[in-house]
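Trainee: Sequence:
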Amino acid sequence: MEGHTVVVSDGTTVMLGPTECGDEPYLLASTVPGLMVVIGTDRYAAGLLAIQQLAPDVFLLDDGFQHIRLYRDMDILLLDCAKPFGNGWTLPAGLLREPRQASLRADWIIHTRSDGIINNIPGLDQIPQISSRHRLGSFTKLSDGSVVPFESLGKLVAFAGIAEPDRFFDDLRLLSDRVTGTLALPDHAPYTKEIISTIAAMIRDTGADYAVTTRKDAVKLKKIPPEIASRIVVADLELHIDGIDSLRAELCNLLQK
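Counting in the numbering used here, the sequence shown runs from 1 upward without gaps.
To be clear, the hints were calculated from the coordinates, so they are not data collected in a lab. Hints are supplied without guarantee of correctness; some may be wrong.
[Claimed, not checked] Within a straight-line C-alpha distance of at most 27 Å, the following computed BS3-like cross-link-like pairs (lysine-lysine) qualify: (1) 141 - 193; (2) 193 - 223; (3) 141 - 83.
[As the list claims (entries may be wrong)] Label-pair restraints from in silico Cβ distances: (4) 87 - 189: 23 to 31 Å; (5) 240 - 85: 17 to 25 Å; (6) 89 - 206: 26 to 34 Å; (7) 90 - 115: 25 to 33 Å; (8) 45 - 115: 12 to 20 Å.
Just so you know, these numbers come straight off a predicted model, no measurement behind them. All residues carry an ideal CB built from backbone N, CA and C; glycine is no exception.
Could you build all of it, start to finish, from the sequences and the hints given here?
Mentor: Next comes the structure, spelled out in structure tokens:
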């Protein structure tokens, strides 16, 4: 669906699969009740389509800080606590899409993976800043969705096709010393027969009881053979935001206007 503006979900029905719309839009549409999801490289066109077909009350843009042609009531900027501006350079020399002074447009800054510690960034003191941290939460079987205690899973391997798979693997290792193998895949990687075979071989060769993956990966694994699905466990990521009450209050005030 690349280049097209389409409705993924109207809030009641998910109309596209992960191979058609992408893993992240599908994950949002299939896990957040009542959420209407529209995708498109042209955010203005996507907004018009949403107005015409869905009539939403609120527009929430994911990864929309650089879409300055769109009016917005609030900009929330997420910065990685360990490397908020990467090496300080814009693309292609660095990771930034804009110079760091563009962060002054933000109304709020959330420091991610901070464990409650906010690095003071010179020049941004006038912007409200709060911190967040990620934790692996519940673990469910891919085959039937049943919740399983992590300590009962035994020997493990892990695989993930996300932006920074090593972080996921490190989080697992914090919970267990029984992670005996990992497979890092490119972000948004499709799960081909070859990759599924590689995962099955990793389980077999290491003698693992289960392979653990992320919820984002799991949405692309619905059609794998049942004998492999029964050996896969999905880890849900929980986000804890310190100071969320202040941000929530400001959002509520905006919504009441």
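Trainee: For every hint, state whether the structure bears it out.
Mentor: Each hint, compared with the structure:
1. Restraint check for residue 141 and residue 193: the C-alpha separation of about 21 Å stays at or below 27 Å, so the hint holds.
2. With a C-alpha separation of about 11 Å, the suggested pair residue 193 and residue 223 falls inside the 27 Å cut-off, and the hint holds.
3. This hinted pair does not check out: residue 141 and residue 83 have alpha carbons roughly 34 Å apart, beyond 27 Å.
4. At about 26 Å, the CB distance of residue 87 to residue 189 agrees with the hint of 23 to 31 Å.
5. Between residue 240 and residue 85 the beta carbon distance is about 24 Å. The supplied range of 17 to 25 Å therefore holds.
6. Under the hint 26 to 34 Å, the C-beta atoms of residue 89 and residue 206, about 40 Å apart, miss the expected range.
7. Separation of residue 90 from residue 115 is about 28 Å and conforms to the stated range, judged on CB atoms against 25 to 33 Å.
8. In this structure the hint that residue 45 and residue 115 lie 12 to 20 Å apart at CB is violated, the actual value being about 40 Å.
Taken one by one, the earlier hints fail for this structure at numbers 3, 6, 8, listed in ascending order.
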